[in-house]
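S.K.: One letter stands for each residue in the lines below.
Protein chains: 8
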Amino acid sequence: MALREELEGLLEGVQKGELSPSDVLERFASLPVRDLGFARLDAHREVRQGAPEAVLADGKTPEQAAAIVAALLEAGAGSVLVTRAGPETRTAVRAVAPDAQEDERARAIWVARGRPERRGVVVMVSAGTSDGPVLHEARIRAELLGAEVVVHEDVGVAGLHRLGAVLPDLERADCVVVVAGMDAALASVVGGLAPVPVIGVPTSVGYGSAQGGRTALNAMLCSCAAGLAVVGIDDGFGAGTVAAMIARRAGPRAS
Amino acid sequence: MALREELEGLLEGVQKGELSPSDVLERFASLPVRDLGFARLDAHREVRQGAPEAVLADGKTPEQAAAIVAALLEAGAGSVLVTRAGPETRTAVRAVAPDAQEDERARAIWVARGRPERRGVVVMVSAGTSDGPVLHEARIRAELLGAEVVVHEDVGVAGLHRLGAVLPDLERADCVVVVAGMDAALASVVGGLAPVPVIGVPTSVGYGSAQGGRTALNAMLCSCAAGLAVVGIDDGFGAGTVAAMIARRAGPRAS
Amino acid sequence: MALREELEGLLEGVQKGELSPSDVLERFASLPVRDLGFARLDAHREVRQGAPEAVLADGKTPEQAAAIVAALLEAGAGSVLVTRAGPETRTAVRAVAPDAQEDERARAIWVARGRPERRGVVVMVSAGTSDGPVLHEARIRAELLGAEVVVHEDVGVAGLHRLGAVLPDLERADCVVVVAGMDAALASVVGGLAPVPVIGVPTSVGYGSAQGGRTALNAMLCSCAAGLAVVGIDDGFGAGTVAAMIARRAGPRAS
Amino acid sequence: MALREELEGLLEGVQKGELSPSDVLERFASLPVRDLGFARLDAHREVRQGAPEAVLADGKTPEQAAAIVAALLEAGAGSVLVTRAGPETRTAVRAVAPDAQEDERARAIWVARGRPERRGVVVMVSAGTSDGPVLHEARIRAELLGAEVVVHEDVGVAGLHRLGAVLPDLERADCVVVVAGMDAALASVVGGLAPVPVIGVPTSVGYGSAQGGRTALNAMLCSCAAGLAVVGIDDGFGAGTVAAMIARRAGPRAS
Amino acid sequence: MALREELEGLLEGVQKGELSPSDVLERFASLPVRDLGFARLDAHREVRQGAPEAVLADGKTPEQAAAIVAALLEAGAGSVLVTRAGPETRTAVRAVAPDAQEDERARAIWVARGRPERRGVVVMVSAGTSDGPVLHEARIRAELLGAEVVVHEDVGVAGLHRLGAVLPDLERADCVVVVAGMDAALASVVGGLAPVPVIGVPTSVGYGSAQGGRTALNAMLCSCAAGLAVVGIDDGFGAGTVAAMIARRAGPRAS
Amino acid sequence: MALREELEGLLEGVQKGELSPSDVLERFASLPVRDLGFARLDAHREVRQGAPEAVLADGKTPEQAAAIVAALLEAGAGSVLVTRAGPETRTAVRAVAPDAQEDERARAIWVARGRPERRGVVVMVSAGTSDGPVLHEARIRAELLGAEVVVHEDVGVAGLHRLGAVLPDLERADCVVVVAGMDAALASVVGGLAPVPVIGVPTSVGYGSAQGGRTALNAMLCSCAAGLAVVGIDDGFGAGTVAAMIARRAGPRAS
Amino acid sequence: MALREELEGLLEGVQKGELSPSDVLERFASLPVRDLGFARLDAHREVRQGAPEAVLADGKTPEQAAAIVAALLEAGAGSVLVTRAGPETRTAVRAVAPDAQEDERARAIWVARGRPERRGVVVMVSAGTSDGPVLHEARIRAELLGAEVVVHEDVGVAGLHRLGAVLPDLERADCVVVVAGMDAALASVVGGLAPVPVIGVPTSVGYGSAQGGRTALNAMLCSCAAGLAVVGIDDGFGAGTVAAMIARRAGPRAS
Amino acid sequence: MALREELEGLLEGVQKGELSPSDVLERFASLPVRDLGFARLDAHREVRQGAPEAVLADGKTPEQAAAIVAALLEAGAGSVLVTRAGPETRTAVRAVAPDAQEDERARAIWVARGRPERRGVVVMVSAGTSDGPVLHEARIRAELLGAEVVVHEDVGVAGLHRLGAVLPDLERADCVVVVAGMDAALASVVGGLAPVPVIGVPTSVGYGSAQGGRTALNAMLCSCAAGLAVVGIDDGFGAGTVAAMIARRAGPRAS
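Chains as they are written, first to last, in our numbering: chain A, 1 to 255; chain B, 1001 to 1255; chain C, 2001 to 2255; chain D, 3001 to 3255; chain E, 4001 to 4255; chain F, 5001 to 5255; chain G, 6001 to 6255; chain H, 7001 to 7255.
Incorrect hints may have been included.
[What the hints assert, rightly or not] Only pairs whose alpha carbons sit at most 30 angstroms apart, straight line, appear in this in silico DSS-like list of lysine-lysine:
(1) F:K5016 with C:K2016
(2) G:K6016 with D:K3016
(3) E:K4016 with B:K1016
(4) H:K7016 with A:K16
[What the hints assert, rightly or not] Sample of chain C residues with no beta-carbon within 12 angstroms of chain D, all distances over it, derived:
(5) G2059
(6) Q2064
(7) A2070
(8) L2073
(9) V2096
(10) P2098
(11) R2113
(12) G2114
(13) E2117
(14) R2118
(15) G2146
(16) D2183
(17) A2185
Please keep in mind that the hints were generated in silico from the structure rather than gathered at the bench. Here the structure is a predicted model, which means the values were calculated and not measured. Cβ coordinates follow ideal geometry from the N, Cα and C atoms, glycine included.
Next comes chain A alone, as it looks inside the complex:
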């Protein structure tokens, strides 16, 4: 670790008489805090050289978003993912990153460099077609983090038979993501079936009593399915992140 080496260097300088204690103290004061101990911990965001950076386009102008992307790439970032990116933001990003890929439905655009090798399987299941944008944001994020993602959309819950096709994939998942709005009953049903951690993503799909996703959120938090944890409303990005972290770390399933 660079910091440790740098510190060792400074201390050896003192040991050798090349530096005085007060020189070193001054050096300490001018270093950013991270150089004094936190940098190592931050390293988990950079699992490897090609680590994914992320930019939330909401609340930024297209120009701001593009400038950040350009700066990150220039600074040597691996992949960069821009979320909640409308058409104008995507155009602005493409201008600074011609090799960017994008997904209109997920409102995402990204540059993928030095993507890590695939490891771990995340199964992502959505209740309805309208949950698609959130599901695919999660998928893109998890894939950039190096997970293999299997997608089942529009599974519903009122007709349980549609779950049939999902069961075999649940069996081989290292982590499951359930994307559902409205009453989010799918999360409880899948959570009762899946033998692995399940990440629920409530969506703001629906009107009236759906309350912009708060009903789905609360329903997921209340679920008595074992092994279910939840991210924020419509937060596909967060779900993709935690699911990939779980899946990539998972060892082989105990038979």
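Based on the hints, put chains B, C, D, E, F, G and H in the right spot on chain A.
M.R.: Same frame as chain A, now just chains B, C, D, E, F, G and H:
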């Protein structure tokens, strides 16, 4: 219909010269409004002579509740059901109605006189043991209204297999009542299976994100299961009422 | 029932030595779950060959909605109803289903094939003109399910006299639907008059304290009118479904 | 007006040379602000010498409440009303005001001295027995302010016929107070019937979806009945105040 | 009263043998309910021949709004007021009612025929410029109902001195309307100064913690100013109605 | 898998002519649903013979809770954990399970039989002393599921230096649980430091603006710390479950 | 003090016989209230001749906003700041105040005349780029009030190391402003580090569980960091005001 | 500063050859983070040797609270303040700290050692008697931090004249604290009068629409009074802290 006959009698009295128009007008003014046209409509509360009256004990002193029961019985009421009745209220009611029956868990006490013949089947399903008080309030109410009630408690949803034992009864139900708190996913699952109207009763069971039943309520209202309607939180009484009304009117199932 | 016959056929194949046990097991594994027991229950969505399918256009692109309609019709669906369908969605649906009918106010478009014979009477009452879209969504849905629907709009409650014209129809209803926003007092008043189950539909009509329909919803849930159950805010579709289910099953009124 | 005269007196003292300008300025500084202009306006709280003072016992110890009562009486207050007064507070108040009257149900205790002559009629209507405490707090307050109060309790709304007995009194009211919890539909119905201003008091009666009175409050605020204004949840005191102010000022009804 | 006379006529017809009892009963059945007893009560909406009718344009198309106006005028209505009327609605209304007057800021358009003579003084006070549309809706409504209205806009509360100019008018008011958003402190301050009933109108002015007017609403409901009642958020119409009803009935101020 | 073998046995019986197809069909009908396909999936709740069962004592009487424990143990359950167990419930459980262990602070009592071997490290961190009950419920649950748990209580966030002692343990964790109420800032800070999945547990600690834990919940859901997912308010049980599932599956950390 | 002198002058006029008492009383009546005692207190808004006036453009038309600015300048105002000013409002203001400066991001336009000399240091820190508009509104306001402002944007909290660069400035601040949305954890972290009062500004940045800033607001209010007080959501103006008031009054830091 | 000296000592040890670089690195690793850079910043909690420590008794057992107090005193703390301390907690604390002082109304107990000299004036104003506990918690806290506190209780706002007695003290305040529940209008009024920063403390006093203090909180946040910032509901402790920090730093008022 009594009112029509009474009016006819008055008018005939005028016709015969036994009453003057102003006599009749005075009589009109002294009648309660219901005698001027609404009484007939109110009759649905009295399906037969032994019609059930109901008293909500919440917000009343034991003495008030007992006094109302006594007055109703004296006035010739058929059955009288007191809900949300704590031990003291039940004691007070027993003092005025020695033939009262009670159910401690449902916090209910009732006098059943001239109960109507059984007609129609209501299947009542609860998610957990803690939903019992609400379920049994619904059951007692529906039975007093003349429905046959079949109860399945503690069905859950995280383990779908527990639904197995319920399926045959769902097949023969005229109406289904689902009592569930927390995420109320059971309502969606049963609503997707039952071929008849389903009445959901959200319960205030659970803590934190259950929000005193609001999560269950909203989840039921958001359910995409066809044929599901909902009553208020913990309102077993209301569910029993509407379910019995549906079931008793139901004709034979089309094969 | 098809499944039972199919299973019997498989088992007879084993009995006759035409199939081995492992053949049958494999066949089991490849069937969707519904073929293993749930399909029969799902049948309530298809009361007859011309069963109505429904598509919620909200959250779907016009193209997605139209593609689903086309697929359903191709798969032999009877009627298909698209709700929350704006002008563009309706245009897209007409392109794939030239025989579609539509209702601009209800934002609905539908294909009606093999509609079931009329049975049961649903009376639908709205508080104000602005509740019209929700009421008509309910009406269209209930008619497609085979109920006879009688509509009274703009009944209000502050002027009770307007209820006068509705009373005779309440008398002959098998189920009543009340569509009301704001304080939804109409639901309590009608619920106190109608001798049959009443389905309340809170609407998001109104501003300020109407809170997007939550006030109407809560008021309906709190109503002490007997026999009232509620669907979600603006959920005309759900109300039409459950009301038709109740009405079609209703036997002749006991005199 | 006393203040004007006092000022005039001071200024004349200056004019006559009896007071120096700085004497007057000092006098100004030592006067409470109200003596500098607001006092006159404050006078509405003291319609006459026996004006009612009020003490909210909630959040005060019995001793604090009693001490305030004693101080007010000593200062020459006319009537003093203590609201939200539990048994201990009432005992403490009786100790300092032996001529106090009290109402257990309304949790009120008061001393009435020099009560104004009766003027104006307030009709107070409640939906159920449980609304009684709030209704009677309103009644006591309005009576202390000099209004005549007519009470109709437990009128309900699901059975409109019960309104019949109230109609004649609505005809002669100068102001109507409607006390109702749950869905508060009674406010809309009475508001549609009464030809005078109606003050709604939402109560916290009920459970679940009643939301501690917020549903009743919002429903009243949404009512389309003309001439309805609202006070806070359970605020019988406020309703009694404003209703008495309206009724006492009312001239004879235009025929 | 017309109804009484009509009934008397019918009964005399029976008395004279011109009508049979069954004729009369049939006639009863065909009359709207209001003809059976409620019409008289409804009369308060028509204080005189030129009574104001009102149409809420929100949720109605311009054509619907205009058609209702045309129908009301044709039916002989006195004044008709259309609220929440955008430019298109106002254009449509002008086409059917060329003598309509309008107020762009209040989003109101109205026809005033046979306006009642002025009686009673309503003082209307707003906290800020942005409360103007609500204040003027209240003003127009109250004026159409025959009250004299005095307006003070932009009074604020953080600088109490601005209240100075309002004080003399508060002195001569029969009713005061306070229009305020945000923290609505103006309502408490004015409520503490005015010796007459005060109607508070919370407005949705402000952002963030103003919560669309709910903060102002709740603050007004919590105010300890005596004699304050409240209407719904932004409900200038309701405030104008109840204030005019109070003011017009007010007798001369007791000196 | 038992079910497969059982099915195979049945089919072989048919093949051999020992069973008729209708015998087998009847047998199918009498099996619980889980025997028809879901049982295998349910098996994840029983990772091994000594699988933990759980009972939520809230909403159950002490007798009910104890009876369920007795039944589970009799049925051969491995460990059984009773949560939200007050003193009376714990006494009742001890009576049926003398070898039960308990933790007063966590309000938990449990029987641990055949506990799985330890695997995976969960680090649990709480913000304050008052979060202890929730943290220890999580700890007990995770330990019963076979995880090694390291606890750091009262870490706070306003004094970041207290985090210092936690850092080395964060380094070796397979999963981190953060238990925090109020503003839950600790979750963001730890989430920014820990290189593994973090499970946040909002607690209802605090008053006023803490809103019973909803502030902590929402703050955690909004956190921009990567890899954070959340369970319900005060849901130590849920956090312990999902954290243990993640940790036990985790392979060796990539260096 | 001007008022005192004016009063003294008047009184001396009476003393000298130049004014009669009634002249003076009349003069009193015609003065705004502030001239009778409050004006002095109001003076805090005018720290010096060039005091800043402020106009909230929200809810005002561009013309209204510009007219107010023109009137204020004409009346001799020092600086005038218009907040929430969109492009059209800024254009309208520039037309009446050609020397106005503006900041598009902060949606602010202002005229600065006679700006006070700089005194006191306010350090303003934001969590993310999207918080910029609020931060800069605060900055402009504080600068117009005469404070020196140091800005650190996009500090975040998930990566604590970014705080490093801020620490030296926190050391020299007289007041700190933290602008943050979402979970607002930055406020707790900075509040734990800064040795001076911290003003938190929750922002409406974020979606879903951010709840339009209410989560950030509640989190800040719950923070256990000492010395933290909060202004309304997105209220950069308010934060700039109070922070400048604190900073300008601050004496030299005790070493 | 101790840390700097310690670091210097270590480095000199290296310089002198008494310590090797790896010795020092190991020593670094074992130090709490604060020793690596944050300690200095934390020092603001210890303005002097007798710095106040605080313990929130809510959620802690009396024994836990007392043990923490004992530990803090033993560790050499100056003053220690325990808030939200019921009678049992206060008894337990007295047992370990016989020199503790307490205030029953404020539910506070504290040990004051080496209290700093008084500096700066905080004026604390409450709206009603019931706000007393919160006001006195604030007062005690501020006094322990070394501020002079002037208290005005029960000032109200409906009768503005009561403010008169407060005005002179507002003039000499360095910071004002306003404690108010319900509509909290007092905060706006005082905020409009006081020429210094005002800290608002919303209280949970009141019922119904007061919503446990949320109405007061939101009203304060919406206030347009300049220079008002807010702490959490009932958070007297927080208000006392920030007010004392502001007041003690304040230089002499510019005349």
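S.K.: Each hint needs a verdict: does it hold in this structure or not?
M.R.: Evaluation of the provided hints:
{"no.": "1", "hint": "F:K5016 with C:K2016", "result": "holds, 10 angstroms"}
{"no.": "2", "hint": "G:K6016 with D:K3016", "result": "holds, 10 angstroms"}
{"no.": "3", "hint": "E:K4016 with B:K1016", "result": "holds, 10 angstroms"}
{"no.": "4", "hint": "H:K7016 with A:K16", "result": "holds, 10 angstroms"}
{"no.": "5", "hint": "G2059", "result": "holds, 28 angstroms"}
{"no.": "6", "hint": "Q2064", "result": "holds, 36 angstroms"}
{"no.": "7", "hint": "A2070", "result": "holds, 42 angstroms"}
{"no.": "8", "hint": "L2073", "result": "holds, 41 angstroms"}
{"no.": "9", "hint": "V2096", "result": "holds, 42 angstroms"}
{"no.": "10", "hint": "P2098", "result": "holds, 43 angstroms"}
{"no.": "11", "hint": "R2113", "result": "holds, 41 angstroms"}
{"no.": "12", "hint": "G2114", "result": "holds, 41 angstroms"}
{"no.": "13", "hint": "E2117", "result": "holds, 35 angstroms"}
{"no.": "14", "hint": "R2118", "result": "holds, 31 angstroms"}
{"no.": "15", "hint": "G2146", "result": "holds, 31 angstroms"}
{"no.": "16", "hint": "D2183", "result": "violated, 4 angstroms"}
{"no.": "17", "hint": "A2185", "result": "violated, 4 angstroms"}
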